[in-house]
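Visitor: Below, each chain spelled out in residue letters.
Number of protein chains: 2
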Amino acid sequence: MTADPSTIAAARKPMRQPLLTVASAPLTEQVEVRNEYGESTTVHIPAERDLTVYVDKRELVTLMTLGAHPEWLTLGYLLNQRLIASIEEVESVTVDWDVNAASVKTRKGIDRIEERTARRVVTTGCGQGSVFGGLMDELDRIELPEGVLRQSQLYAIVNAIRLKESTYKSAGSVHACALFRGTELALFVEDVGRHNAVDTIAGWLALQQEPVRDSGDMLDKVFYTTGRLTSEMVIKSAQMGVAAVISRSGITQMGLQVARRVGLCAVGRATNRHFLCYANPQRLMLDDIPPPAPARA
Amino acid sequence: MTADPSTIAAARKPMRQPLLTVASAPLTEQVEVRNEYGESTTVHIPAERDLTVYVDKRELVTLMTLGAHPEWLTLGYLLNQRLIASIEEVESVTVDWDVNAASVKTRKGIDRIEERTARRVVTTGCGQGSVFGGLMDELDRIELPEGVLRQSQLYAIVNAIRLKESTYKSAGSVHACALFRGTELALFVEDVGRHNAVDTIAGWLALQQEPVRDSGDMLDKVFYTTGRLTSEMVIKSAQMGVAAVISRSGITQMGLQVARRVGLCAVGRATNRHFLCYANPQRLMLDDIPPPAPARA
Chain G
1 MTADPSTIAA ARKPMRQPLL TVASAPLTEQ VEVRNEYGES TTVHIPAERD
51 LTVYVDKREL VTLMTLGAHP EWLTLGYLLN QRLIASIEEV ESVTVDWDVN
101 AASVKTRKGI DRIEERTARR VVTTGCGQGS VFGGLMDELD RIELPEGVLR
151 QSQLYAIVNA IRLKESTYKS AGSVHACALF RGTELALFVE DVGRHNAVDT
201 IAGWLALQQE PVRDSGDMLD KVFYTTGRLT SEMVIKSAQM GVAAVISRSG
251 ITQMGLQVAR RVGLCAVGRA TNRHFLCYAN PQRLMLDDIP PPAPARA
Chain F
1 MTADPSTIAA ARKPMRQPLL TVASAPLTEQ VEVRNEYGES TTVHIPAERD
51 LTVYVDKREL VTLMTLGAHP EWLTLGYLLN QRLIASIEEV ESVTVDWDVN
101 AASVKTRKGI DRIEERTARR VVTTGCGQGS VFGGLMDELD RIELPEGVLR
151 QSQLYAIVNA IRLKESTYKS AGSVHACALF RGTELALFVE DVGRHNAVDT
201 IAGWLALQQE PVRDSGDMLD KVFYTTGRLT SEMVIKSAQM GVAAVISRSG
251 ITQMGLQVAR RVGLCAVGRA TNRHFLCYAN PQRLMLDDIP PPAPARA
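Those sequence lines, one after another, are chains G and F. 1 is the number of the first residue of the first sequence in the numbering used here; add one for each residue after it. 1 is the number of the first residue of the second sequence in the numbering used here; add one for each residue after it.
Don't read these hints as lab results, they were simulated from the structure. Glycine included, C-beta positions come from ideal geometry on N, C-alpha and C. Any given hint could be a false lead.
Unchecked claim - Anything over 12 Å on all C-beta distances counts as not near chain F; from chain G, calculated:
no., residue
1, GLN17
2, THR21
3, ARG34
4, GLU48
5, ASP56
6, ALA85
7, GLU88
8, ASP96
9, VAL99
10, ARG107
11, LYS164
12, THR183
13, LEU229
14, GLY268
15, GLN282
As the list claims (entries may be wrong) - Covered by chain F, according to a simulated footprint, are these stretches of chain G (three or more residues, beta-carbon under 8 Å):
no., stretch
16, 218-225
17, 251-260
18, 272-281
Please model the entire structure based on the sequences and the hints provided.
Guide: Listed below in structure tokens is the structure:
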């Protein structure tokens, strides 16, 4: 019996999408500053606002965020903290910047939420502020998709980020993360905390209904971050089913350990055509090796 | 009656200093990487290790740290979370890297520790991972010392950091914070998380027995950070009695709000002789205005 195409499409979709507000708030503020000549001038600085997440009317956490995509952030936070296994568990996320609150209504409540939020891990610097314990224990259950990161794909990604950033009128002091599908920029997120940026991407990705397109030829999902590859960034990438991460910055020891353990291709120091592959170089296909640099000749 | 000098000296000292281990561990690891030519080479990456803090045998939190000064970090963490009001409450801090644990023994226990660690605020990116609520409420009780930040002092500090960093064989991917006394570098701390770096400085500062030397002429204590001036960095500086903060990076909206509220002189974008004073410019004495730059003439 041949499967009905409409049935396949339906099976791919989450049965129930959560209802979300689309709350917005100014992302920058113009402020007056004094420079080294004692002159007064104005600059833009990024917003940093508190967003208290309530789950079924119970206060869970307060996130400090730029506030660009608070609903995706909230969903991604719940997913990455493993408080929900799927967005289908969420009926709605209502963000109200007047009271700086994100109210999450679940369909069936979150089992043992008190107990599951009791253990605290304060992760590294730009990492997620607070990860409710046990994430490391779950690592071995993660199966990343097959496929390679092509060098040409890596260069296309680094270039796309370069162009993207040059169009951003920077107020400075924000981190950027991005999710690529193949070589195409799918989502670019900036936040005052990059743990928020990666959580926002996780929330957005969970809402997408497209099937996974990873293949042996080229990885479909690649994560980019301006920040360091700490353990947390690598763990969260793996949790999103992302098998390759690229950073402009470096990697920490534990980030490297996790990348090795889950088989994730970790690339850092990526600028122009230069990069360093820290973990799983067999997943990197060198299809675009640059000509030797003049200084190397 | 004239006070006995020895009594004065004794009064300045904390009556009881905690006992501390001096646990050390390698701060970097040499790893093999592959570059864009497919060549294998080696680089150093920073350590990132978990340190679980136990207070009177109760698990409190797990910090991800470079691990340079785990005992000061633990003390500073307890202070900055307002779990202790003074290091005198601590009898000992025993760090054992074999089990990645910091065991804190208090003299009288920590009152209502369960309740006080229940509220979670996940602060901005490179900010402290988890601040147990209510810090903002305490802001209005902070009285910062009088005194000005001299422009010449600011330049001396920026230059000292420049020299310091050039001597550091960087493994990259660490944040640096420093505490200056006048123009003198008192403590330079690097960590994979800069919230750890500032907590470490707070712990170290609390152990010092010198009287405060802030005067109207020049501020004695100035805090420097390579990272952004988020609300958390400004709050923690104020909690340390530091009235001026300098950053190579910018400031966030809430960082600015807090600096204005507590009367702290916040300076960012400080490189060479350039800087921007974001808050309380009246606390900045322009005693070393540079000659107009050629491009400005």
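Visitor: For every hint, state whether the structure bears it out.
Guide: Do the hints match the structure? See the list:
Its beta-carbon lying about 26 Å from the closest one in chain F, GLN17 of chain G satisfies the requirement of being farther than 12 Å from that chain. Separation of THR21 of chain G from chain F is adequate, the least Cβ-Cβ distance of about 21 Å exceeding the 12 Å criterion. For ARG34 of chain G, the non-interface assignment is contradicted: its Cβ lies about 4 Å from the closest Cβ of chain F, within the 12 Å cut-off. For GLU48 of chain G, the condition that its CB be more than 12 Å from all CB atoms of chain F is violated, with the nearest at approximately 4 Å.
No Cβ of chain F approaches the Cβ of ASP56 of chain G within 12 Å, the least distance being about 17 Å, so the stated non-interface status holds. For ALA85 of chain G, the requirement that its beta carbon stay farther than 12 Å from each beta carbon of chain F is met, with the minimum near 21 Å. GLU88 of chain G, annotated as away from the interface, keeps every beta carbon of chain F farther than 12 Å; the closest lies near 25 Å. Non-interface status of ASP96 of chain G relative to chain F is upheld: no Cβ of that chain comes within 12 Å, the nearest being about 19 Å off.
Consistency note on VAL99 of chain G: stated as away from chain F, and its beta-carbon is indeed over 12 Å from all of that chain's, at 16 Å minimum. At roughly 24 Å from the closest C-beta of chain F, the C-beta of ARG107 of chain G stays outside 12 Å, upholding its exclusion from the interface. Here LYS164 of chain G stays apart from chain F, with its beta-carbon at least about 19 Å from theirs, past the 12 Å limit. Look at THR183 of chain G: its CB is around 17 Å from the nearest CB on chain F, clear of 12 Å, so calling it non-interface holds up.
Annotated as non-interface, LEU229 of chain G brings its C-beta within 12 Å of a C-beta of chain F; the closest such distance is 8 Å. Against the 12 Å criterion, GLY268 of chain G falls within the reach of chain F, whose nearest CB is about 8 Å from its own CB. Not every C-beta of chain F lies more than 12 Å from that of GLN282 of chain G, the closest at about 10 Å, which undercuts listing it as non-interface. Here's how the stretch 218-225 of chain G fares: 0 of its residues keep a CB closer than 8 Å to some CB of chain F, so the rule of at least three is not met and the hint is violated.
As drawn, the stretch 251-260 of chain G meets chain F at 6 residues by the rule of a beta-carbon pair under 8 Å; at three or more, the given contact holds. Only when three residues or more bring their CB closer than 8 Å to a CB of chain F does the claim for the stretch 272-281 of chain G stand; here the count is 7, and the claim holds.
In summary, the structure is inconsistent with hints 3, 4, 13, 14, 15 and 16 from the numbered list given earlier, while agreeing with the others.
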